[in-house]
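Here's the letter readout for the chains.
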Amino acid sequence: MSSDTPAGRRFRVFRRRRSAPSRLRRRVGAVVRMAAALALAGGVYTAFAPGALAKDTPQLSAAAAEGKALFDNSCISCHGANAQGVEGRGPSLIGVGSASVEFQVGTGRMPMARQEAQAEEKPPQFDKAQTKQLAQYVQELGGGPQLPSGELTVDLAEDPEALARGGELFRINCTSCHSFGGAGGALSSGKYAPSLHDATAEQIYAAMLSGPQNMPVFGDNQLTPDEKRKLITYVTLQLQQDKDPGGLFNLGRYGPVTEGLAIFLVGITILVFTSLWIAGKS
Amino acid sequence: MKRRKFDVAQVPANVGKGVDDRFQAATPLRGLLNKVFPDHWSFLLGEIALFSFVIILLTGTFLTLFFDPSMKEVPYEGSYSALRGTMMSAAYESSLNISFEVRGGLFMRQMHHWAALLFMAAIVVHMARVFFTGAFRKPREANWAIGVALFLLGFLAGFTGYSLPDDGLSGTGLRIASAIFLSIPVIGTWASASVFGGEFPGHLIIGRFYIAHVLLIPGILLALISVHLGLVFKQKHTQWPGPMRTNANVVGERMFPRYALKQGGFFMAVFGVVALMAGLFQINPIWIFGPYRAAEVSSGSQPDWYVMFMDGLVRLMPAWEITLPIGDGYVIPPLFWPAVVGLGALTTVPMFYPFIEARRLKDKASHHLLQRPRDNPERSGVGAMAFTFFIIATISGGNDVIADKFHISLNAMTWAGRIGLVILPPLAYYLTVRLCLGLQQHDREVLAHGVETGIIKRLPNGQFVEVHQPLGPVDDHGHPLPLEYAGWVVPKKMNRLGALAPAIKGFFFPIEKPSEAPVSPGMPPVSPREEREEITTGR
Amino acid sequence: MTVMKEGAHGAGTKPVDVQDPRLSRFEIVREGARRDDIEIVTYESQFPTPNSKAEKRVVRTIALFFLLSGAAALAFLGFYIWWPWKFELGNTSSDYYTVLLGVTLGVSLFSLGFAILTWAKKLLPHEVSVQDRHHAPSSDDDRLIAGQTMAYVVDELGVQRRPLLKGAIALGLAPLGLVAVAPLVGGMIQNPHGDDDPMLFTTGFKPRDGELIRLTREDGSPIRPDDVSVGGQITVFPGVPHGATNEYADSPTLLIHLRGGDAEKARAALDADRINQGVMWGNYVAYSKICTHAGCPASLYEQQTNRLLCPCHQSQFLITDNARPIFGPASRRLPALPLEVDDEGFFVASSDYRETVGPDFWERP
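Listed in order, the protein sequences are those of chains A, B and C. 24 is the number of the first residue of the first sequence in this note's numbering; add one for each residue after it. 146 is the number of the first residue of the second sequence in this note's numbering; add one for each residue after it. -6 is the number of the first residue of the third sequence in this note's numbering; add one for each residue after it.
Just so you know, these hints were derived from the structure itself, not from any lab. Quantities reported herein were computed from a predicted structural model and do not represent experimental measurements. Among the clues, some could well be false.
[Said to hold, decoys possible] Below, in silico cross-link-like pairs of lysine-lysine (DSS-like), each with a Cα-Cα straight-line distance of 30 angstroms or less:
#1 Lys266/A to Lys145/A
#2 Lys162/B to Lys379/B
#3 Lys214/A to Lys155/A
#4 Lys7/C to Lys49/C
#5 Lys217/B to Lys258/C
#6 Lys217/B to Lys379/B
#7 Lys145/A to Lys214/A
#8 Lys217/B to Lys7/C
#9 Lys283/B to Lys509/B
#10 Lys162/B to Lys217/B
#11 Lys638/B to Lys115/C
#12 Lys115/C to Lys199/C
#13 Lys214/A to Lys115/C
#14 Lys115/C to Lys46/C
#15 Lys162/B to Lys115/C
#16 Lys379/B to Lys283/B
#17 Lys283/B to Lys602/B
#18 Lys151/A to Lys214/A
#19 Lys79/C to Lys379/B
#20 Lys115/C to Lys266/A
#21 Lys162/B to Lys150/B
[As the list claims (entries may be wrong)] Just a few of them, taken from the derived set where beta-carbon distance is under 10 angstroms, the chain B residues facing chain C:
#22 Asp166
#23 Gln255
#24 Ile325
#25 Ile329
Glycine included, each C-beta is placed from N, C-alpha and C at the ideal position.
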């Protein structure tokens, strides 16, 4: 929804890209991962064999069963069988809810390319339907926060004050990491809060519910669904779609850093060339 | 009674006579009309600052007509829907109204802000020119000190202006300012409470900053700029060495007609650039910052670029707290050193550099001819060192944005800044000195042997030699007589001697070539061309 | 009639009598320059013949740019008057108002500048003039006279000889000088420690009349423990009138709901500390949001690494260890707010902060 807005187009330049790991590395990684998963799965199985056998396998819906197949293919090596988690590789997904899956898989953060401090956003590996199925599976495994059905934004015609309230909530809860303009910002030791300029309403909602990576959780008791919708309305309407009224270029809304660069690269440069021309002999 | 005939042609003469009868203006006016200014592109950098100051005064006056420097809380009712109903200070509300309710107000605000950034940028660039060419030497030490003071005043004017809209970003800046006041040993809490009228933020600070921003600081700026220009006028501008040019004259164009016209045109160009930037680039979008709330902050909170060096130093400062074990214990916070001592030192120590250098070189003479940076390697080295320090500190002032956009660890950026601040300035000094000495050496070689022609000649004995074009007279064997270095550009390529077309064409030719025609010290200075008939301006 | 001044440099030209009617205007100008010690070395047209083709071309260029400047200025006025300019949400034509003003005014001014500069550069005669600098100091006589005159003034006043006056001046003027300063200092100065609640050492969480202060959201609503999810954080304010405004700029607090293991670690560290004992309630901990370095809200909470980052100068605080600074320029930990839950199940502060909130200063105990 956002990527075709002018703001979205402008920001794509700055979107993070990571070169894919070399093929050798990928293969070695896959082998190692597979071996580890086998060993662990074996160990876990022997340790809990009686219990695991005794436990009822939960009844999965059709969509969840599809999701389980996908999970067992792509996620199990880190998150373990039945999403119980693997020590040192990936956390348990019991109780994280479908919102978390929709955010992590929908933005391409999961599956991770490699173990690192922060999962990178990249083109998603699963399409929308597959993501839903995975989400359904994780939801049915252990419950947890879920995206509500229906509109995730507020119709301003019905509630014109929603935008201002959303802005207020955004400034008190979000700007400290994502910045006033939604351009994102640095966290400690190489971690960062991503830019919100390409984020969809679903992703923002899911991120607030699930608190991905280092982002704190904003549960429904803290920010009610209604408040979340207002906040998302502010981000999508005001920060993503509204054209900046102050000029053709908004300099990324990064604040004084890019403004300072511009005054030297544009202002001083043009004027130095002008003075060269003035003083040059004709 | 016969009515005297009204002669239109006589009006200017009569008015002139009348004015001179009353004010005796003709003699000083003659001197003014006849003043000679040297012409070089680098002499126009200070003008950029002067003209931006005029733009700031013009646009700033417009903004005062609509700005309300009050911290009274009011609900916003304007046309920017994302803040409607929000409680905010009247200062912020009126800033929003300037942006959205005043026709062309946003454009004026942006011109004001861009002109302020340009003012400070031009001051720094101009300062670099003055420093590296030695233009600050006797008799111009006072003017150099005034220039440094102008930077500090511009810094304060900029900071107070940045604070006035009372938006989220400027409030964060004010918060840091109050912390800087607090960090001063002994009197810190008293200073902060006095400036803010109680506990931060209080209800007075916007009004106080407003009067400082629109009256006190601009008043002092205007006075000092007048003195600065007056001194340039009185002491006459420095000039580059070159043919005809001595320490006792000025070679250039008279103020009228040509020089003044160029200045007028340049003013329009500066004004045009500021207008273009104000139209094309959005600056300081206060509406997305929201009103200042002590609990709200944005990542990537920076001051404007000319304050960033101080903010960078604050960021790089290690957490060294000094505790004095007297009584309950007293504290000197780490913030004190970069923000108070650092800013104080960086804006006052440079004032004394002309005296330090003169003392070191035991130089008591007056200098009106500039030096090429290579001809005083130590000075150029010191300058490179100072600018490296300034640039690293400035970059560190935005290190979080750099860390985020270039995917570098924030902690690594801080450490790189800390280490760089210590290591790189001396390195810059060393490299600059070596570079200057190398360039000097090369100049001397060309003067001694001539210009390399690129023509290889084979001698009868089989040896290959490159033919050199001597720059001056040769001795009986055809070897050039050594020439003395005259402090000015030595031609090093054949196209500089007219043998080939210039390497660079177009108006930026003077980057390569100075604007005076024959520049080789080997050539005789251009003598007044008696044989040419001057073209008169009519009649 | 005319005074012939012997210029040091006027050597190039001989003095002439400007009243001579046969003189051309330029000769008078040159004589004027001579009297200002200027020698006009070269003053020649840039064109070989008057009204040459090249000259006409330059004149046309200049005229064109003047006209362009006028046209752009007219466009500016047109846009200024008729273009929609009121802000509207979304991508509307009003968003281009500033752009159009800037581009038209910029083009107009730049064209005007270009026209004037071309005039000066291309049309006006090429000139080289040499002016004497006259940087010689005043004559010895003048220096002597000026110095002696000033010394004479001092002599005449005779302060040196009249010690009574000396003392009287000092005693008379010093108080008057103080009077000049007094209103400024007296009006501005504020005692930071004057109030009953010393402003630097108390926040809005100080209990009032024995009532503990609730933690509230920015809209004043109180907070229950289950309002904050595990791994969540919320900015809270003292539940007093205007508690969420800048009246209580030192009071914003970050209430964090730690995950089980982290909470254990945090509790162990807090309880090991003499001051911070027992500030946690359950797995909840609250730290001042005001950075101890420069006062920005240190509110970038990383829920996995349990760090708080301040966006202004990148100080980092470790939540699980008394919010101790672990990186950056901050030298002091964030004060913790002691938490309790009242009878109605809302969070209250069981006392004010036990340490001083906000940036450091000299007399902080």
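Within 30 angstroms, alpha carbon to alpha carbon, are Lys115/C and Lys199/C?
violated, 76 angstroms
Verify the proposed pairing of Lys283/B with Lys602/B, using a straight-line Cα cut of 30 angstroms.
violated, 50 angstroms
CA of Lys266/A to CA of Lys145/A, is that 30 angstroms or under?
holds, 26 angstroms
Within 30 angstroms, alpha carbon to alpha carbon, are Lys214/A and Lys155/A?
At roughly 28 angstroms apart (the allowed maximum being 30 angstroms), Lys155/A and Lys214/A satisfy the hint.
30 angstroms Cα cutoff - pair Lys151/A, Lys214/A
Holds: Lys151/A and Lys214/A sit about 27 angstroms apart, inside 30 angstroms.
Sort out whether Lys509/B lies within 30 angstroms of Lys283/B, counting only the CA atoms.
Cα-Cα ~7 angstroms, so holds.
Hold the hint about Ile329/B up to the distance rule: shortest CB distance to chain C must be less than 10 angstroms.
holds, 7 angstroms
Would you mind confirming whether the straight-line C-alpha gap from Lys217/B to Lys7/C stays at or under 30 angstroms?
violated, 74 angstroms
Straight-line Cα separation of Lys7/C and Lys49/C no greater than 30 angstroms?
violated, 36 angstroms
Take the C-alpha atoms of Lys115/C and Lys266/A, compute the straight-line distance between them, and say whether it is at most 30 angstroms.
With a Cα-Cα distance of about 44 angstroms, the restraint between Lys115/C and Lys266/A is violated, given a limit of 30 angstroms.
Agreement of hint Ile325/B with chain C interface, Cβ distance less than 10 angstroms
Interface hint status for Ile325/B: holds (7 angstroms vs cutoff 10 angstroms).
Assess, step by step, whether the Cα of Lys115/C is no farther than 30 angstroms from the Cα of Lys46/C, and give holds or violated.
holds, 13 angstroms
In summary, the structure is inconsistent with hints 4, 5, 6, 8, 10, 12, 13, 15, 17, 19, 20 and 22 from the numbered list given earlier, while agreeing with the others.
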